[in-house]
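Put together the whole structure using the sequences plus the hints.
If you read the sequence shown in the working numbering, its first letter stands for residue 85, the second for the next number, and so on.
It should be emphasised that the hints constitute simulated quantities derived from the structure, not laboratory data.
For glycine and all other residues, C-beta sits at the position ideal for the given N, C-alpha and C.
Incorrect hints may have been included.
To be verified - DSSO-like cross-link-like pairs, simulated, lysine-lysine; straight-line CA separation at most 30 Å:
1. K348 with K380
2. K170 with K186
3. K185 with K228
4. K322 with K240
5. K243 with K170
As the list claims (entries may be wrong) - Pairwise CB distance ranges (calculated):
6. F149 with L258: 21 to 29 Å
7. L129 with I239: 27 to 35 Å
8. F354 with R198: 19 to 27 Å
9. K185 with L258: 23 to 31 Å
10. T313 with I241: 25 to 33 Å
11. T313 with E382: 27 to 35 Å
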Amino acid sequence: MNWLSGILSSILVRRKSSDNNSNTIVYPLSWIVFPIIGFVFFGILFGVFIFIPDLIDQSDIVFVFIFFSGIIIAFICLSIYMARWKVQVFDSYCKYTTALKKTRKIAYDHIESRDVSSGYRFYIDNKRIFSISYLQDNYRSLDKAIRTYQKNNNIKIVKSVTNVLKPIQGLWFLPIASLVIIFIPTISIYVDEGLSTGFFISLTFHMITIFLFIYMANWKIVFKDGILTKTTIFGIKKAYDMKHITYTVSQRLMHPDDTRLYYKNKKIAFIMGNVNNRSELLESIDYFNRFNETLKNEE
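Okay, here's the thing in structure tokens:
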């Protein structure tokens, strides 16, 4: 949720973070205004349709109710999440409060901090626990506290998994949202046109949703001992010798570190810039390319 709200806020609210004496990192108040405005707007619109029934066909009332209820609930959840989310920074630990008001005390001994283009991500045993956007006030404070504590106590974080790349977990939002969005109008089609017509009209959209689910579940890249193995969305595996792999880094979607992999100048994979272990993969490719160049020069 953090990455999504960060993208929306960076587009809608042109603000810069500031550093103050507070040890608390929260969402800016200006961010919370947008889901509240959305809730109020769609709530009023929904009320108009309910109390002035002549504005819509009564046969569509079920669809209208489901559609607006879903949107209003989404805005309410987003508002609650942004209002309650909080990180408190201390010398040797932090307190992370979720939208459900569950507070977790996390010692700095095992936290890994990663500096990414959108801010910082924090991991324990290579599993993300939360993210902080560069648009949030005091966003550097937690990373600074973690690095200071680990340096003073001679703690070095070693990632437990460094050779596996999978889609970022936040992307599960896409197939789930697609499923919800498609489900609502599909019900209306079934009611108006019948099961057969509704099935064929919605078939293409359902296939897109299934494609997204399969991609999230199957797509994977593993690199080890000079061999890169890519698993496609259909579960098909193909191995490549890393000494013949090159890459380019440029913004393709929304991240400046989006990466394309090439095997003998033929594109074999696209990797989003915020995928875990991407930098480790590029370092390995650079190593084998340098090793390959050394062998050629010796010959």
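Evaluation of the provided hints:
1. For the given pair, K348 sits about 16 Å from K380 by alpha-carbon distance, which is consistent with the 30 Å threshold.
2. Annotation: proposed proximity of K170 to K186 holds, straight-line Cα distance about 10 Å (limit 30 Å).
3. For the proposed pair K185 and K228, the alpha carbon gap of about 25 Å is at most 30 Å, so the pair holds.
4. Restraint check: the Cα-Cα separation between K322 and K240 comes to about 35 Å, which exceeds 30 Å; the hinted pair is violated.
5. A threshold of 30 Å between alpha carbons decides the hint, and for K243 with K170 the separation of about 26 Å falls inside it, so the pair holds.
6. Evaluation of the 21 to 29 Å hint for F149 and L258 yields a pass: the beta carbon distance comes to about 25 Å.
7. At about 54 Å, the beta-carbon gap between L129 and I239 misses the expected band of 27 to 35 Å.
8. Roughly 21 Å separates the CB atoms of F354 and R198, a value that falls within the hinted 19 to 27 Å.
9. A beta carbon spacing of about 28 Å between K185 and L258 agrees with the range 23 to 31 Å that was offered as a hint.
10. At about 26 Å, the beta-carbon gap between T313 and I241 stays in the expected band of 25 to 33 Å.
11. For the hinted restraint 27 to 35 Å between T313 and E382, the CB-CB distance of approximately 29 Å keeps it satisfied.
Taken one by one, the earlier hints fail for this structure at numbers 4, 7, listed in ascending order.
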